[in-house]
Every structure is written in C-alpha cells, then in structure tokens.
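Asker: These are the residues of each chain, in order.
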Amino acid sequence: MGLREKLADLRDQGLQDIRQSEDLKRVNEIRVKMLGKKGPITSVLRGMRELSAEERPKVGQFANKVRDELTAAIETKRAELEQAAMNAKLAAQTIDVTLPGTPVAQGEPHVIQQIIDQVVDLFVSMGYEVAVGDEVEQEVYNFEKLNLPKDHPARDMQDTFYVTSSVLMRTQTSPMQARMLEKHDFSQGPLKMISPGKVYRRDTDDATHSHQFHQIEGMVVGKNITMADLKGTLETVAQSLFGDKLKVRLRPSYFPFTEPSVEADITCFNCLGKGCAICKHTGWIEVLGAGMVHPNVLKMSGVDPEEYGGFAFGLGPDRFAMLKYGVDDIRNFYLNDVRFLNQFDQKG
Amino acid sequence: MKVSYQWLQEYLDLDVDPRDLAEKIARTSVDINDVYSLSDGLKKIVVGEVIECKNHPDSDHLHICQVDVGEEAPIQIVCGAPNVQAGKKVIVALHGARIADNQKIKRGKIRGVESNGMLCALQEIGFSDKIAPKDYEEGIYFLPNDSQNGDSVFKYLGMDDTIIDTDVTPNRGDMLSIYGNVNDIAAFYRLKPHFKELAVKEESAEKTADLVQTDIEDSQIAPTYKLRVIKGVQIADSPLWLQIRLWNSGIRPVNNVVDVTNYILLKYGQPLHSYDYDQLPAHNFGVRHANEGEEFVTLDGDEQKLKETDIVVTVNDQPVALAGTMGGQGTAVNDNTTTVALEAAIFDSVMVRKQARRLDLHSESSMRFERGINPATVETALNEAAEMIKELAGGTITAGIVTGSEAPAVDKSIKLSLTKVNHVLGTKLTMDQVEDIFDRLAFDYHQDSDDQLTVIAPARRWDISIAADLYEEIARIYGYDNLPSTLPTMTRNRGGLTPRQRFIRASRHDLEGMGLTQAISYSLTTVEKAKQFQITPLNEPMKLDFPMSSDHVATRMNIISGLLNDVAYNVARNVENVALYEQGRVFLPKGDERPEEQEHLAGAVTGQLVANSWNKKDQPVDFFQLKGIVERYMHNMGIAGQISFVPTTARPEMHPGRTADIKIDNELVGFIGQVHPQTAKEYKIPETYVFELNLEALLATPKIENEYTAISKYPSITRDIALLVDADVENATIVKAIKQKGGAFLKEVHLFDVYAGSHLPVGKKSLAYTLTYQDNNGTLTEEQVNSAFDKVTTFLKDKVDAEIR
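Chains A and B, in that order, give the protein sequences.
Under the UniProt record's numbering, the first residue of the first sequence carries the number 1, and numbering increases by one thereafter.
Under the UniProt record's numbering, the first residue of the second sequence carries the number 1, and numbering increases by one thereafter.
With the rest of the complex left out, here is chain A (with noise of 0.2 Å):
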C-alpha cells in the first residue's frame, strides 16, 4: 500500500472517529491521536524520504491536505458540540418569565398634593411665586383686612373656629393677600403670587364636608391688570388642570374682598358640556371664586387703588380631585387608607 493510499485510509479512518465522537474529551483525544507529533501522520510522512522527487511534492500536498480536513473536522465537532452543551444549559437555566417580578417599594404622593403642585408647577411657569401661610392667623388678617368687618353677612357663611377672639383657624387662603399687598415692595414690579395651604372650618364631617381641606390663592396686583387677564389666566388653569378643549365661563357672584366678584364654570370634562350627572346636566362645572381686588382690600394694606389693581382668585384642590377623579367622600383624602392613596399612581 503506497503512502497515498495510507494517508487516505488514516483520513477515512479519522473522519469517522470525529463524527462518531460525542463529546469535547473524545474529541480531543482525536485531535492529539491523530494530529500529534506522535501520530500516524506523522510516521506516514516520515516514510517520504523514499519517494522520488516528482512524487514527495505529490504526497506532501495530499498529507497537507488530510492535516487540513482532519483539523477542519475536529474544529466544527467541537464547535457543534460546545453549542449543543451551551444549549443544553440554558434549557436548564430556563425559568417561567410569566411569573411576577420582584415587587419594589414604592411611595405615591397624595392626591390633594399631586394637584396643589400641579397648579403651583403651571403658575411658577408663569412668574408667580409661591407664599405658604400661617394656619393659625390673626382675625384681622383673616376677616378685617380682607373687608369682612365683624357682623358681615358673609361671616355666616364661613363657620370659625376660634381659639381666642383675635386668633382663629384660618377659614381661607386669602389672609395671604393681605399679607403679601403689605409686604411686597411694588417699586420693584407687580405682585405675582399664589399661596396654597390648609384651611378650617367649623363644619360637621360628612361625605361633602371636611373641617379641613385646601385651598390655593392666587392674587395678581400691579399697574395694568385687567378682568379680561383673570379671565385668561382662569382658561390657563383650567385647560392645564383638566384639558385643552374645555371652556371657562364666568358668573357674576359675591366676596367681600372682590369686585366685581366671579364664580368661574368650566365645560364639564365628563361629558364636554353636553350634560350628564357629574355637572347636573348644565354642561358646566362651578371650579373656582374670583374677582377684582376689592379697593378696600388695598387701602387696608397700604396700597392706593387709584394707581394699582388686580385679581385674585381662590380654588379647592379637594373639590378638583372629587371632580377630576369622581371621588364621593371628601373624607378618603384624610383617613389615608392606603388602598385609596395608591390609586393615584400615574406618573405618564
């Protein structure tokens, strides 16, 4: 048998092992059985020397050749076969990415807050600051300043729970109008503020009651402010608050510390004015009380109403949350059960 056909014999031979082979160890052992320094293909080349010259070139290229398909047959074996271990344990690493995962601890902010920083967000946005008050206020900030003197109609209308006869909890935002026309230096611009906070009331708790709920005040007060500006900035609030389609309408009302006074409607988001339960079948959601900065109001904090003016207006975020979300009980925002807290998540 000439080398030829020995070379062939050890190819057959190896490509068989190879394929027979069914894992890396065997795999291996082949490659070194076969491809060493020790190895038949090796011996066979060493018996080149007595082969004549045109047919060593000949043998010399077959066995490179046979070196070559050995070493390419060993390298996909192997390659098969790591795949098919690699397959193998990810089957077993497999899991049911059906169930649940991990749960994260996670906090939400309360719905009256997610509203109040909504409305401070849009009106920062617009260059007004923000002035937190005291909850504990003096009756003249409360009352007096605000043109409600003792025995006033109005009083009636807001049940106080005093502490001594000068000091009360406060019934409204609004002392903070009084208190920010007397602080702020008008030389340098206008007065552009809103102040939200807790008020009190001397009311039994029921499902539409709270003795404590919210309120933000805004008041604008400079040289050029007009109804037609409240009118716009209202529009403002309530399109950012409860959507872009929706209209504002004012009605003429009644506040000691404004005139003309407003009551501020917006087209029921429910049923976008066509008329359902929500708005009692007008079309229209009562929001907000607004107004011109009553002169007296002014006067009494040392501004002259000849030469500035302006608006103020007053919303309940307990209320805006009621209608936004169609809460029934003004009590769940103040009993913190947590079932009711975490219904108001979205953050999108």
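Hints are computed from structural coordinates only; laboratory data are not their basis.
Ideal Cβ placement from N, Cα and C applies to all residues, glycine included.
Treat the hints with caution; some may be incorrect.
Unchecked claim - Just the calculated beta-carbon pair ranges, DEER-fashion:
#1 A:240 with B:574: 31 to 41 Å
#2 B:687 with A:79: 51 to 61 Å
#3 B:702 with A:121: 20 to 30 Å
Chain A is fixed; fit chain B onto it per the hints.
Answerer: Structure of chain B alone, referenced to chain A:
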C-alpha cells in the same frame, strides 16, 4: 328665592323659555339652585266632580264615589278621605296616572269594589306639608266649582308655572323680591317693565294716629318704623290665585290677611307683620333690646329666653314680637280678628341676623332684613298691603300712616371714568355703550366730560356704593362672555420655588422613592394625642375655643399621632402593610399670641415595606429598615453636620430599648424607634416603627453641595476584623474608634456581621467589619496596610476591651 315665571310675566313681556331665563339669570345676576314645575313627573291627573258618594258596605271609612271626569260616563272610585262628598270638584288620578314619589295609579278592587283611580290630597300630587293649606290637612283637596271636569288640574293649581329657585348672594338682597328680579331681567333683556303698584284708598275719617302710637327711641334698631290700621276685616281663605302665588313661592297660605303680608313680602321684599289689634295689651308701639332673661312666647308656641342682644317690638314696653324674626303667640291674626295693625319696618340687619341665628328662627322675613331692605318701597308696600287686605277681607283703612322712624331713601352719586372702566375690565367700551348699560339698568347719569360720567345708583340697589360696584354692573350686563381673554403682560418676573419650598418638595419625593406613601391627616386632634410624640415636649397644645367634636379640639404638636390613627384605620380594614409619611405643620405654643408653626416630617411603618411575593417572603419592618430610610434621606438632603442616633429611654410613647434621638452635631432634630407596645395597644395597632424630624432644624443646618473627586486609579486592599465585645458596646463607638486610628488610607468601614448567641459567652457579642484601604496617589503595599491595620486592632483591644477573633 323661588321666583314664579308666571308672576314675572305679569310685569314683563318675556318671550323666552323659563330654563333659558334661569340660565341668563345665573350668567348675569345670581346663581340658580333649581328650575322646576310642581307638575314635574306627574301625569293623568284631572278635575273630577263627585256625582254620588255612598258608604262602602264592607268598611267603616271607605266611600264609593261616582266621579265625572269629563268622559261619557262617570267612573267609580273608592275613596277613604273623611271629607269626600257629592257635588265637590276634586283632584282625580286616573288609571295610569303618576302621582307624587313616582307612584303609579292602577285600576283595581278595594275590598271587593272596583276603583278606577284615586281622589287626591295636595300632598299626594307632590305638595310638601310646608306649603299645603292647613284646611285640607285631614282629607282631599276641593277645586273651585267652575273647574272643567276632565281638564288637567295643573293650570287650576298653578302647577304649570315654572319656578326658578335662585341662590341669592349676601350683597344682592334686592333679588329677594319680584320687584328686584323684574328690574334686573328688564335690564339684561332690554325690556320695559310694567310693574303695577296698587294705590291705597283711605275711606275712613278715623285717624290711624288715634288708634296706634309709636315712639322709636333707638332708631338704630329700627331705622324705619310705620304702622297702618284696617278695621272691620273678615278673616277667610284667600282667593286661589293668591294661594297659588304663595305656594309656588314656598309659602303656605293661611288666611287673607297673613297671605297679603306674605304676598307683599315676595313682591317688594318688604316683610310686614300683622297684629290682632284687639289682642294687644296697649297700642303704643316701641322697639328695644330685650332684657337679659326676658321670656317671650313666639307664635309657633315656643317659649324663648331672650338676651340683651335680641330685639323686640313692644306695646307698653311689653314684647309683642321678636323684631324682624317672629311674632308673638297672643297677638297674631286669627279667625276672630276684626282689626289689624299692620307694621312695615326696617330692622337692623346685624341684630336680626344674630337673633335669628341664636334662636334658630330663620324665616322669609329675617332673611330679607339680614340682607337689607329697600327704603324706597317701605311705604309703597305698606299701602299696597292695606289696600289688598281691604279688597280681600273687607273693612276700612284708617286715615294716615303712623311713623316712628324713617330712613331716607338715598340715591348715590358715583363718579365713573371710562378709561378706568376699560382699564379694569380689559375692554374697549365707548361712552355710548356704558351709557346704554345704565339706561338698561334704569340708573340715572349725567356725562361730565368725554371720560367722566356721574351715575346715580338708586336706593333700590343698596349694594352699590363705589365705582368698583359699577364696574361689576357694566361687566355683567355687557356679559362676562364678551370680555376678552388675556394674560397679564409684565416684565421682571422671576417666579419659582424658594430654597425652603424646594427642600420640602425634595423631602417628599425622597421618601416616596423609598416606599412611603404621603398621608394628609387632621391637624386638629385630641389634647392627649396632640401632646404625644413631641420631639422636645411642651406642656399644653393650643385649644379651640368652641370645638365641634371631641376628636378635634387642639392643634397637633406632633405628626406621628395622626399617622398612627391612619395606621389603625388601615389595620382595622385588614390592610396589614402600611408605610406612610406626612409632611406638615405642628403648632407649638411658646407664649406668643399665636403658636410657632413648625414644618415637620414624620413616618410610620407597620407590617412589611414590600408585600410578600413568591420569591421574597416575611421581611417584617424593623428599626433598622426605617433607620436606613431616615439615614438615606438625611444623606440625600446633604446634611453637613455629624448625624448621630443616640439611644433614649425618655420618650414615654416609645419602646425604651428601641428608640434613638436623632442629632446633628449634638442638636436634637428628631427621633426614631418602635412605638411602645402599650401605646400601640391604645391605638389598636400592631408593632409599628415611626420617626419624626423637625424640618426647620434640617433647613437651618449647613448643607454640603455635590462635588467631584477623582476616583483612585490604584487598587484597594481590604482587611476583615471580627471583634468579641461586651453586649452593651455600641457599634458607633467601635466605628468611631476604627476611624480615629484608621490612618490616611482608610476609605471605608463596613459592618458585615453581628452575632450574639449560643456559640459565644453570655453577655458578649461579635461584630465583624471590612476595612478598605486605598491611596489616591499610588499602589499601597501590604506593609503599609498591615501597619495601619495593626494600629486599629491594638486600639480596639484597649478602647473597647475587644478580643480580636
């Protein structure tokens, strides 16, 4: 006020749907509560005539009636009313009718006798007891004899009228009368009202002044006080048209005299009071404040104990009425009255308000006195009432009015600048447009210059006194819808949150990120709860003068107690995992007029911070979990000072072994720990961990800014050390000691194990730390680290008597 559309139509040529009118009133004048007809929801209710009425054979009270309902043959109806009788016109609910409370009437058999409908009382077709006349209390209602059988009853009873129920603000007292409504509606619809006044005809020579006298000493109580006398009246029911006016306005018809006073009250907004002249102990009228403790029986039979703030009408100094509020029992007009003394007055609004409020006697009269009375129509109303009584009850009106006091009806001149009007409203109105509005309102005016107008606000609009009031008139008549919509234009405005506001907001977001949900609890609580859990205890909270409920009497001096109420509320509803925080005020009385209001931040956690899941179970919250949150929060807020947690046994509501005061550089800023099991029991809550921080202290303390330091490029080397120490040696002491002797390269000390138990001697514990060394400028050698580490171990042996394991 319940305003009758049909009544308005008497004085105005209205050509609008009542609902549109109501909408327009709401947009221009006053708010609307409701728009309705008494016939709403009712059907198939017709006039019937009882032809025959026999007793039911099987009943002692039922009657079998044959009733003509305008059909070919009469129908048979069984009726239980005691007053049913043949020949009367009655209200018949036919088969298929719908009566009050949405009840359906069907034909059927009553004790074996066929009945094809029902004869109705007014209440059965929706009249409330408050407005249904007393005469028919015990039975069915009889319609006028000229009613047409088979006709719907609605028009006969005024039930087809539309009622616009207005909600009048305190300033618009003028809208509490038909007169005021007519004037306002005329203005916004550009109508000419044809308001009818009835002139008085005195046919008696007898002088009123000979019958009654009045001396008003204190005209502050009654700025206007007037009397008339009508002699020889005959008390009877009023005609139906008048009764309808009243019941559609929510007032029950009583008799022809009382009904006239109420009719005039509605028409002019002028309350009147009628006295039975002969029942009065004397006839010299006066008004005065009541004497303290004076007793008086009002016409509802209640005995009132009066106070000095109350006001009374007197004769011979004896009270005969609570001025402006309610008359007296003995002197009211009754069926036997023949002479009527009629009073028209203006009583002080504040005094009436206080009296009505104090005695809970709010009435149609007191409501009007409280909001003011038109001084221009007091006499008109008195005259018209006298004339109407004469027409309806007969008798003669004696000559003259007796006047005790009289407030003049003053029209006010107000100067108005067109420029200012447009400046305030943001409009571009012309002088013609403004004048047109005052024409519509029927206010006189004269133009002083191109820009100046003097407007005369009539006395009937006593709410108007300054230019701003006129701006409102212009705006509402011009229409708020027609105002442009703009935003304030101005320069130099930099809004934004203050650093304080940003800090508070960041605090909230930080705690939410760590799993606590924001609660907002009540600031008003019990005295006991207000005093608990104070960071630096004060004695007594601020208390309300006159609280509404025993649960809310004092302002809180801590936030935790409110959160524990919230925890209890949740736990009682089987919510086991509660993790809440609250940011809000506490109120600390410190001797000033008002308490100091401090912003605090508090948290309460019970159960688990994260609910059990399939792969993570049973991790009940403990001290260290909450402490981790507080530490992280304080880190995030950039507190520059040294924060320490100092064990305390001094807080009575807290677990003595699991509570720490929180200090920044030795200043107390709050505390953290487990609620004392005894306190927890009182709140009905399970094991709960809480913290409270004084945000004012955190705001005031120096902060560190974020700053960049290069990360060392050189490797770090670690050494572990386990120490056996006495059980009462604190981790803080050891860490401090390690850091003290750690050397320049010690970067971090990390506690990785704490052990106490069976493998250790009693009274000992083992703490294990990893110390990390690193040099920013080079690679540390083993020798450098060993040398530094040795110093630490030696020091610990000495300092805390540690055995190095």
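Asker: All hints are to be evaluated individually against the structure, with a verdict given for each.
Answerer: Hints versus structure:
1. A:240 with B:574: 31 to 41 Å: At roughly 39 Å between Cβ atoms, residue 574 of chain B and residue 240 of chain A fall inside 31 to 41 Å, so the hint holds.
2. B:687 with A:79: 51 to 61 Å: Taking Cβ atoms as reference, residue 687 of chain B and residue 79 of chain A lie about 60 Å apart, which means the hint holds.
3. B:702 with A:121: 20 to 30 Å: holds, 29 Å
When each numbered hint is compared with the structure, no violation occurs for any of them.
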